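Trainee: Sequence:
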Amino acid sequence: MAALESLSQSADALDDLAAKLRGQARELRAAVKTGDQAAVRRRRYEALDAAQEIVSLLKDPSEQWADTLQSASLAAVVRQFQEWKVFDAIPTAPGASISYEELAGKTGVQMQLLRRMAWMTVSVGLLRQESGDRISHTPRSLNYLEGTHGADFHKTLYSLAIKAFASLSEYFAKYGPHEPQEQNHIPATFAVGSPELTFWGHLERHPDMIAAFMHSIAPAAARMPITGIYDFGWVAEEAKRDTGGDRVLINDVGGGTGHCIVAIQAENPAIPKERFMLQDQYHIIDQLKRDTPESVRGFKLAGLDFNKESPVEGALIYYLRRILHDYSDKLAVNILRNTVAVMAPDSRILIAEDLSTNPPHPITAMMDMLMLTCGGKERTMEDFEAVIKEAGLRVSSVSRSAESPMAVIECVKA
Numbered sequence: 001m002a003a004l005e006s007l008s009q010s011a012d013a014l015d016d017l018a019a020k021l022r023g024q025a026r027e028l029r030a031a032v033k034t035g036d037q038a039a040v041r042r043r044r045y046e047a048l049d050a051a052q053e054i055v056s057l058l059k060d061p062s063e064q065w066a067d068t069l070q071s072a073s074l075a076a077v078v079r080q081f082q083e084w085k086v087f088d089a090i091p092t093a094p095g096a097s098i099s100y101e102e103l104a105g106k107t108g109v110q111m112q113l114l115r116r117m118a119w120m121t122v123s124v125g126l127l128r129q130e131s132g133d134r135i136s137h138t139p140r141s142l143n144y145l146e147g148t149h150g151a152d153f154h155k156t157l158y159s160l161a162i163k164a165f166a167s168l169s170e171y172f173a174k175y176g177p178h179e180p181q182e183q184n185h186i187p188a189t190f191a192v193g194s195p196e197l198t199f200w201g202h203l204e205r206h207p208d209m210i211a212a213f214m215h216s217i218a219p220a221a222a223r224m225p226i227t228g229i230y231d232f233g234w235v236a237e238e239a240k241r242d243t244g245g246d247r248v249l250i251n252d253v254g255g256g257t258g259h260c261i262v263a264i265q266a267e268n269p270a271i272p273k274e275r276f277m278l279q280d281q282y283h284i285i286d287q288l289k290r291d292t293p294e295s296v297r298g299f300k301l302a303g304l305d306f307n308k309e310s311p312v313e314g315a316l317i318y319y320l321r322r323i324l325h326d327y328s329d330k331l332a333v334n335i336l337r338n339t340v341a342v343m344a345p346d347s348r349i350l351i352a353e354d355l356s357t358n359p360p361h362p363i364t365a366m367m368d369m370l371m372l373t374c375g376g377k378e379r380t381m382e383d384f385e386a387v388i389k390e391a392g393l394r395v396s397s398v399s400r401s402a403e404s405p406m407a408v409i410e411c412v413k414a
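Yeah, the sequence shown ends on 414 if you go by the UniProt record's numbering, and it's all consecutive.
Some hints here could point you the wrong way.
[Unchecked claim] Keeping only pairs whose Cα atoms sit at most 20 Å apart, straight-line, the calculated PhoX-like set for lysine-lysine is:
| no. | residue 1 | residue 2 |
| --- | --- | --- |
| 1 | Lys240 | Lys289 |
| 2 | Lys289 | Lys300 |
| 3 | Lys308 | Lys330 |
| 4 | Lys20 | Lys59 |
| 5 | Lys163 | Lys377 |
| 6 | Lys59 | Lys85 |
| 7 | Lys413 | Lys389 |
| 8 | Lys106 | Lys85 |
| 9 | Lys389 | Lys377 |
| 10 | Lys240 | Lys300 |
| 11 | Lys330 | Lys377 |
| 12 | Lys174 | Lys163 |
| 13 | Lys330 | Lys413 |
| 14 | Lys308 | Lys273 |
| 15 | Lys389 | Lys330 |
Since the hints were made in silico from the structure, they are not lab data.
On a predicted model such as this, the values are computed, not experimentally measured, just so you know.
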């Protein structure tokens, strides 16, 4: 009787959620008409969240195990199909299909096994079965064709994160129930039998994997705004006031090949290129000095290991974008302290990171679990404040993106 009563209440709530989803659909349609990609993305995620609420409401708690097993099964099948080149053997032309027998012949996989595993993908709409014995692509499965971002992401995800997830019990049994603290002895490298390596140290032993990883994260990185969040106008005014000066006004610490300062300088042309500095690992900077892209010409370049060294002294701004989320609280504090040590009285540190809500959105929670496997961490504002305070800083302002969870936290010496 209690179960029927609960189901009746769920049915009542379903009406409200259905109305909410219809409203989200209208807003998504309106956003599409405007052509605003950021608004479309935001409305799409809102509609997905509303749809997920409906699914969660209708599912019996006792069925939860099936969701977990289904996700694990699908991940395993997708990775195996990548290994066997199954996705690439299915014709991609619109309306084209292939029989299981033909597909088995092209891939060298036993037909019975191939069909059983394919049914896992068909059951969730990843591949489409037609006429009983033929199979075809869907827009979702095209994402796993060799060379696509999706294929490379799943390849590295399965090889590193999923193995690490499966080994978490053994990892915490060995190291204790607390967050990883160092760059090595992390779940990702523990799972592959090389706990002494860092995440990047492991990737460097597998050049094909590091190439796939860098390719796979490019779309996500492109969706994280660089400009339009923090107003660098006051820095431009300082550049005008100090015309001819040689003080570094913006030092991009850990800035890779310079895409961030290129974007910032383009938005703020009153700040001369020679007042910017790019610092990153020595081999990255050495390569840039040997083969300098036109976009980076004019910027100052210097090598740096920010875990062990301090950046160039006395810059007006030290800009750390997507750096701290790769590290534990202990190591994040150390990176900030290394920077605090060379700050001038008027220097500021800008920390550009995604801010997690409490509790987080499912995608943020998933990303945080991925970061856990490699020793990093997604943080709430309160988490950042604790790290910032321990490093001898205080928050002076927070600028938030209207399009994403990205924010720029401005810090000064405490």
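Trainee: Does the alpha-carbon distance linking Lys289 and Lys300 stay inside the 20 Å limit?
Mentor: Given that 20 Å is the threshold and the Cα spacing comes to 10 Å, the pair holds.
Trainee: Does the structure keep Lys106 and Lys85 at a Cα separation of 20 Å or less?
Mentor: holds, 9 Å
Trainee: Can the restraint linking Lys389 and Lys377 be considered satisfied, given a maximum Cα separation of 20 Å?
Mentor: holds, 17 Å
Trainee: Does the structure keep Lys174 and Lys163 at a Cα separation of 20 Å or less?
Mentor: holds, 16 Å
Trainee: Quickly compare the C-alpha distance for Lys163 and Lys377 to 20 Å and report which way the hint goes.
Mentor: Given pair Lys163, Lys377 holds - Cα atoms ~19 Å apart, limit 20 Å.
Trainee: Mind checking the alpha carbons of Lys59 and Lys85 for me, to see if they're no more than 20 Å apart?
Mentor: violated, 35 Å
Trainee: Is it true that the CA of Lys20 sits at most 20 Å from the CA of Lys59?
Mentor: Answer holds: Lys20 to Lys59 is near 19 Å, not above 20 Å.
Trainee: Need the status of pair Lys240, Lys289: alpha-carbon distance at most 20 Å?
Mentor: violated, 28 Å
Trainee: Is it true that the CA of Lys413 sits at most 20 Å from the CA of Lys389?
Mentor: holds, 9 Å
Trainee: Would the hint linking Lys308 and Lys273 be met if the CA-CA limit is 20 Å?
Mentor: Not satisfied, since the Cα-Cα distance of roughly 27 Å exceeds 20 Å.
Trainee: Next pair to validate is Lys308 with Lys330; report whether the Cα-Cα distance is within 20 Å.
Mentor: OK: Lys308 and Lys330 at ~13 Å, within 20 Å.
Trainee: Tell me if the straight-line CA distance from Lys389 to Lys330 falls inside 20 Å.
Mentor: Holds, at about 12 Å.
Taken one by one, the earlier hints fail for this structure at numbers 1, 6, 14, listed in ascending order.
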